[in-house]
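6 protein chains.
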Amino acid sequence: EYIARVTGIPTMAKLPYQDTADGLDAAFIGVPIDTGTAYRPGARFGPRQIRMESAVLRSYNSGTRAAPYESLVVADIGDVNVNVYDLKDTCRRIRETYRKVLASGCIPLTMGGDHTISYPILQAVAEKYGPVGLIHVDAHPDTSDVVLGEKIGNATPFRRCVEDGLLDCKRVVQIGLRGSAYSADSFEWSRAQGFRVVQVEECWFKSLAPLMDEVRSQMGSGPVYMSFDIDALDPSFAPGTGVPEIAGLTSIQGVEIIRGCRGLSLVGCDLVEVSPPYDTTGNTAVTAVNLLFEMLCVLPNMKYY
Amino acid sequence: EYIARVTGIPTMAKLPYQDTADGLDAAFIGVPIDTGTAYRPGARFGPRQIRMESAVLRSYNSGTRAAPYESLVVADIGDVNVNVYDLKDTCRRIRETYRKVLASGCIPLTMGGDHTISYPILQAVAEKYGPVGLIHVDAHPDTSDVVLGEKIGNATPFRRCVEDGLLDCKRVVQIGLRGSAYSADSFEWSRAQGFRVVQVEECWFKSLAPLMDEVRSQMGSGPVYMSFDIDALDPSFAPGTGVPEIAGLTSIQGVEIIRGCRGLSLVGCDLVEVSPPYDTTGNTAVTAVNLLFEMLCVLPNMKYY
Amino acid sequence: EYIARVTGIPTMAKLPYQDTADGLDAAFIGVPIDTGTAYRPGARFGPRQIRMESAVLRSYNSGTRAAPYESLVVADIGDVNVNVYDLKDTCRRIRETYRKVLASGCIPLTMGGDHTISYPILQAVAEKYGPVGLIHVDAHPDTSDVVLGEKIGNATPFRRCVEDGLLDCKRVVQIGLRGSAYSADSFEWSRAQGFRVVQVEECWFKSLAPLMDEVRSQMGSGPVYMSFDIDALDPSFAPGTGVPEIAGLTSIQGVEIIRGCRGLSLVGCDLVEVSPPYDTTGNTAVTAVNLLFEMLCVLPNMKYY
Amino acid sequence: EYIARVTGIPTMAKLPYQDTADGLDAAFIGVPIDTGTAYRPGARFGPRQIRMESAVLRSYNSGTRAAPYESLVVADIGDVNVNVYDLKDTCRRIRETYRKVLASGCIPLTMGGDHTISYPILQAVAEKYGPVGLIHVDAHPDTSDVVLGEKIGNATPFRRCVEDGLLDCKRVVQIGLRGSAYSADSFEWSRAQGFRVVQVEECWFKSLAPLMDEVRSQMGSGPVYMSFDIDALDPSFAPGTGVPEIAGLTSIQGVEIIRGCRGLSLVGCDLVEVSPPYDTTGNTAVTAVNLLFEMLCVLPNMKYY
Amino acid sequence: EYIARVTGIPTMAKLPYQDTADGLDAAFIGVPIDTGTAYRPGARFGPRQIRMESAVLRSYNSGTRAAPYESLVVADIGDVNVNVYDLKDTCRRIRETYRKVLASGCIPLTMGGDHTISYPILQAVAEKYGPVGLIHVDAHPDTSDVVLGEKIGNATPFRRCVEDGLLDCKRVVQIGLRGSAYSADSFEWSRAQGFRVVQVEECWFKSLAPLMDEVRSQMGSGPVYMSFDIDALDPSFAPGTGVPEIAGLTSIQGVEIIRGCRGLSLVGCDLVEVSPPYDTTGNTAVTAVNLLFEMLCVLPNMKYY
Amino acid sequence: EYIARVTGIPTMAKLPYQDTADGLDAAFIGVPIDTGTAYRPGARFGPRQIRMESAVLRSYNSGTRAAPYESLVVADIGDVNVNVYDLKDTCRRIRETYRKVLASGCIPLTMGGDHTISYPILQAVAEKYGPVGLIHVDAHPDTSDVVLGEKIGNATPFRRCVEDGLLDCKRVVQIGLRGSAYSADSFEWSRAQGFRVVQVEECWFKSLAPLMDEVRSQMGSGPVYMSFDIDALDPSFAPGTGVPEIAGLTSIQGVEIIRGCRGLSLVGCDLVEVSPPYDTTGNTAVTAVNLLFEMLCVLPNMKYY
Ligand SMILES: [Mn+2]
Ligand SMILES: [Mn+2]
Ligand SMILES: [Mn+2]
Ligand SMILES: [Mn+2]
Ligand SMILES: [Mn+2]
Ligand SMILES: [Mn+2]
Ligand SMILES: [Mn+2]
Ligand SMILES: [Mn+2]
Ligand SMILES: [Mn+2]
Ligand SMILES: [Mn+2]
Ligand SMILES: [Mn+2]
Ligand SMILES: [Mn+2]
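Chains as they are written, first to last, in the working numbering: chain W, 143 to 447; chain R, 143 to 447; chain P, 143 to 447; chain C, 143 to 447; chain Z, 143 to 447; chain A, 143 to 447.
Derived from the structure by calculation, the hints contain no laboratory data.
Quantities reported herein were computed from a predicted structural model and do not represent experimental measurements.
Hints are not guaranteed to be accurate.
Any copy, or any two copies together, can satisfy a pair, since identical chains are not distinguished.
In silico BS3-like cross-links for lysine-lysine, where the CA-CA straight-line distance does not exceed 27 Å [to be verified]:
| id | residue 1 | residue 2 |
| --- | --- | --- |
| 1 | Lys156 | Lys293 |
| 2 | Lys242 | Lys156 |
| 3 | Lys270 | Lys156 |
| 4 | Lys270 | Lys242 |
| 5 | Lys242 | Lys293 |
Using the sequences and the hints given, assemble the complete structure.
Laid out in structure tokens, this is it:
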């Protein structure tokens, strides 16, 4: 029978909801926090809005001919039960939830939430897989040591990851960095760790497919995590975020980056920093929905027609 | 354990979701259509938006001390699978769905959707209970014979209900009628059927508690259905609707009308015409959420502290 | 044949458009300026937006049973061709246009535009009728002598009118005045002229029907002009205006004031200060549309069913 | 005399309004429906909003030096009187209206409305001209057989056109197709008919002028119809539409496609799927206004300075 | 010389800015946090938005004829330098800042920020004045013991104040309480402390002047603090807030409550929970601006004309 | 100590405020007018909104490694005290203010306001430096002779500048011109003066770095003024402006143009036509903030790491 898109409880992509990751190859999971945010909040409502706008999705990918639901068992497993009053306790809850999800062999596709969450997720990921490669797409390096005196927040996750040995630093790439900065060379620390830094100026006016060829070489066959901050995209594509920076990536380049991950051993992905109160056109959430679908469509064992 | 309001799949009032009404005393159910609308559409997204904003609800009613979840078993049973291309087929689907819901002994609390839906709902209701009393809160009488040549639509449901004998016409009241009209006496037909018509001018500047005393007498002990068009409220309270009319009821009066139904034999309620694309403040949905909660809190067998 | 409300070129109330007032009993006319505005502009788009939202109007008044189009020949005669770079020249153009409109015996119903326009309109009106009574509904007295060194603007029209002898000062009432002010008694000048000043505090919580009984006595049988600044209404009803002041009139009171003019010798009306860029809910224009319709419905020679 | 842009009844491009197409070389005409829409409605207000925003237009094209009003007699001939309750009857009304418009030798430039309308328009067009070439710009192929059990709707028009023999299939091109899909090869049917399909991936990062050289060859000298769905553009340019798909065409590419039609035997054009309730920036309508002006500027017999 | 309202750095009420409270009778001060918020954030931008919209203020109060700047030396003393990552540290910073402000003999008029801030402010206040009377205007009692396991937050400040002995409990009144609740009698604890609880139902449809007569008696001549949560007002007046509850106070009643404090020994006032990202009409900030001005106009030693 | 970005009085870039330009190398200064605007107003609130959104700025430029505050003494010197009722008097006030600013040796970075302001600014600039080179980035040439009968306005400044001999016409470039026009060759006059005109079609799909190489040659070592109308950017980047034209420059190209001015003898810059009431996403102001920061970062004597 036909089912109209306007009907139904809003799960991600209208997938079935289940409590745990048992039996799943991949799962959409929400982490609704913004307490790691020093400027504009609102990302706590990211998962809710992404689920609602996901009614626009259909089941195949016309650009890549991927057949995600023929290839993998996928569900929406709800949200981590965050503690909005204690960011560190929230990090603990995230870590523990992801441990369980990963233990079941499931690949988590995370709907953020602010970027703080990538740190506890990567703790759980590295616990299972060891230090992983990282494809980090963002306007900001998120490698500050402290912000306003605090070690945990959405500007520090990848500093913490390096300190904890969660990343295989030669297999880390940061794409889209730009904007005004707190120091003259704000990307120096990244480079010193061995990260490849791709400033946005290197991306202007061109396809990122060649870049992604290089990234695939860099990543090799080891486990890779993708962390996509929606603010990597230009604010014209993603107004609904906390710290917009102009002259950013296009959504085409965002799609190219994700499609360029085909063939990698992806062990998890996140899409963070969608802030619905600032998403006046609604298209930031629509964009997040599509980028998450593209992530699903490059997971290992995907069938393409 | 504490569960943050920002988490979770958005069911109405964060209630459990189940497919059928089995075992329920009352159920929230959505009917996401606006194809009965001649002017501004958008009500098809009413149920989705109401569910999303319902995260603001808690479990008790501080104004009436009702304890709805201690009194009744309630769930969200999803949406009628409407046919967005065939309004008459949608009406058939609604009627059949409500037959089943009512057969199980459950009281449906409907989230519309445009006002067309009250007709097929009342067909199912009258099939079970015989002609019912009706408390119809609206800016408009919705008793047109035809609109643009068509018998079925959001301006005609109560004409159709009378023709089908679904209403006990002496036990019908229409509250809040106003605005520019298609004829000099646009409420004449209503009065000719024996309806009580309460134009909005009778409501200005005062509590509707005395009116509701009279309405309870009018309704007596027989089965009563409540149909609440959000446009009964003034546009300052409910901008998100299809045909706003100024100088309307306040949300206080809306609450009074519903609380004034305590003690009646309510067999069903609907809240219709919330149009999210026009709800720029978001408060039309918030208002609908609270009115639906107030409806739940006056159902038979409610416990009050 | 049925004509759907969504179709057609947007004239006011879907009335026919004609170039002049010839043959008309009443005419809607726009004056699209905001160059008399010292704070938030945007009222230049008032006429355009009012016309667009007027598609919601039908032809009878359900509250008063007026039949305006059975009683009077009415049309939309377009806009005064204002000079957006020269406010004084615009005033001249308004005055000349209204002379012609009035010469034809037509009653102008003006869609503003900022409140500056009432001055040249009243010049034309008084030229024909002599000093007139004035029902001025506003949050502000608009009787400043100079603003930022300038004599002509939206804070000064009624000072200028008095200086020019256009008003019968004993037959002037100002309703709804409030807000922070430039002097300790900002309404002193009004009272000194013999105006009746009804501060908003006198209007709170009650029907204005008794007030309007008094106003009708005050006005007597002489010619009366009504000037309605939408900011008289509380910002909850009319967010789209230049200088919102809280704790204002309700739209119910606005309707009562206009309906209370029934029986007066109205020779012209204006509805000013609708600023569409600030009308985020769209309801300021919807309210203006309905208030203009109510004005039409109390013109002399109206038939009521 | 100078006429300020802020004045006047909003016809398209401030052109004169006339009832019929008599004496016109080209005419703007509205078809205000969205009843063919399965997801987000609102396109019924497309013509009204396009007319309102068209005040921004001037009379020459600075990019192409076209002088449309020196070349052609053009007017706004209002809207088809659609039946919002019966999509098939609306299609009949469209077909009949366009028959008359075309009979007068006038080229219709249509302001939609949802994409359903291209089917009845093309019925009238093919009746006069025989099977025509088609330049179809869209994110979606709109060649579904049935949607939710229904043959007529905004996802099916070009399937119906082919079945009715209205198109010269070798002279059909579809540009901009993308997004998630209902089948693994959702564009297969198009290709099987002989259509040229230009997926959006072929358009990324480059001028479409070379593509349009090929399209002009493909179209030859026979009659050509252009159908431009605003959702072909990326949502950053056109947020106000029903089914946004990311990574779309730029408005520059949209302009290039239309300018690339210069020299073709265009017999009609439409611009569809502008949905004002979702056009929060207002720029979707502004874009539509400019694209319609560009269409006018490539009609046969245009003079270029 | 004239100074146009559109010019200038946005301080509150265009007052001079100074670093400390030295020499001031009263000072506007911001506390830009929302980290005490469990649901919708955004109040961290309250002070900034209130300052911006305060350009609409003039210098006298036309309703009460107060002359605040002739009576008192007032300035904007900026914001407490909050710690967005540590709510308890922020509380310490607030407390210390207010100690200094109060030490200088200045009355602080606080622009919030979420309601958490009233607790550390009252700590500083009680340190100076001993237990104070409290006029608490709010939709919510804010007397929870813990929220999501946490003692400090915007739902708990007055519980903490009582525990710390900061309040003279017989001189506490809570006005406007309503909405769904976490327990059957959610206001029981308040009553048990000796607070007067005025549920919103007692306020509907009437002037609160008589209530305020009683409140003044209750407060006597001792020191009084006023804490005004903007959500006390109905969402039609104040959409821009975190937890809107329908059927609330009108802005008229809000003004009456504040004006009713004239003659009391006010030692401080706050206006909290304005959340600009949700203030789509902008009028929540405009309302806050005016309520803060009314607070200023009832401070001790005010001159009235 | 850490200072959270959410705190503080909003000066531009959180710089110190001072009354005069004394001791400054560069100063941000606002000119809040829109009275030179014939279509959509609102630019009078540009400076206020730009200041507010500038909280997002940090102190270094990650793209160019400029260290503006290590290189230059910079402050916010407030707004010119414009006369909103007399555009010519406003021009006089601007001219006199800039004379003083320039006399102190300070480089003004102007936050508009509509484009009219560039004329009196350039009068003051040329008085000091003689005829200057001009880099004019805009969708429109702004070289009309009269608009609606008026010589002074936002469509005429550069005509006036040429007439007054303020420009070294061989060292003038206009970049980004496009849109519908008032004459067949609307850029003819510009070319006749010796200006280089770069229509937007020459900019599509490519980096403007090569163009800027040529512009630097054209400008040579003489004094150069940059005037950047935000409408040069495509409306997807800058919806908040008065006369949007589609198919415009990207914000990347806007950044390239400014960065391409490095090494020139810049004596002043302005960023005009930001209209906050139309900036529904807020990103027009965010973009303006960043472009102004980029301008600061190419001033003479800048240090780059
Ligand atoms: Mn990040
Ligand atoms: Mn980021
Ligand atoms: Mn209704
Ligand atoms: Mn109804
Ligand atoms: Mn006024
Ligand atoms: Mn006013
Ligand atoms: Mn289409
Ligand atoms: Mn499409
Ligand atoms: Mn509170
Ligand atoms: Mn509260
Ligand atoms: Mn310009
Ligand atoms: Mn321009």
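Against the structure, the hints come out as follows:
In this homomeric assembly, Lys156 and Lys293 come within 27 Å of each other (Cα to Cα) only across copies, at 25 Å, whereas the closest approach inside a single copy is 37 Å. In this assembly of identical chains, the alpha carbons of Lys242 and Lys156 lie at most 27 Å apart whether taken from the same copy (23 Å) or from different copies (24 Å). Proximity of Lys270 to Lys156 under the C-alpha cut-off of 27 Å is found in neither arrangement, the shortest distances being 30 Å within a copy and 34 Å between copies. With identical chains, the CA atoms of Lys270 and Lys242 are at most 27 Å apart within one copy only, with a shortest distance of 11 Å there and 49 Å across copies.
Taking CA atoms no more than 27 Å apart as the test, Lys242 paired with Lys293 passes inside one copy only; the shortest distance there is 26 Å, against 30 Å between copies.
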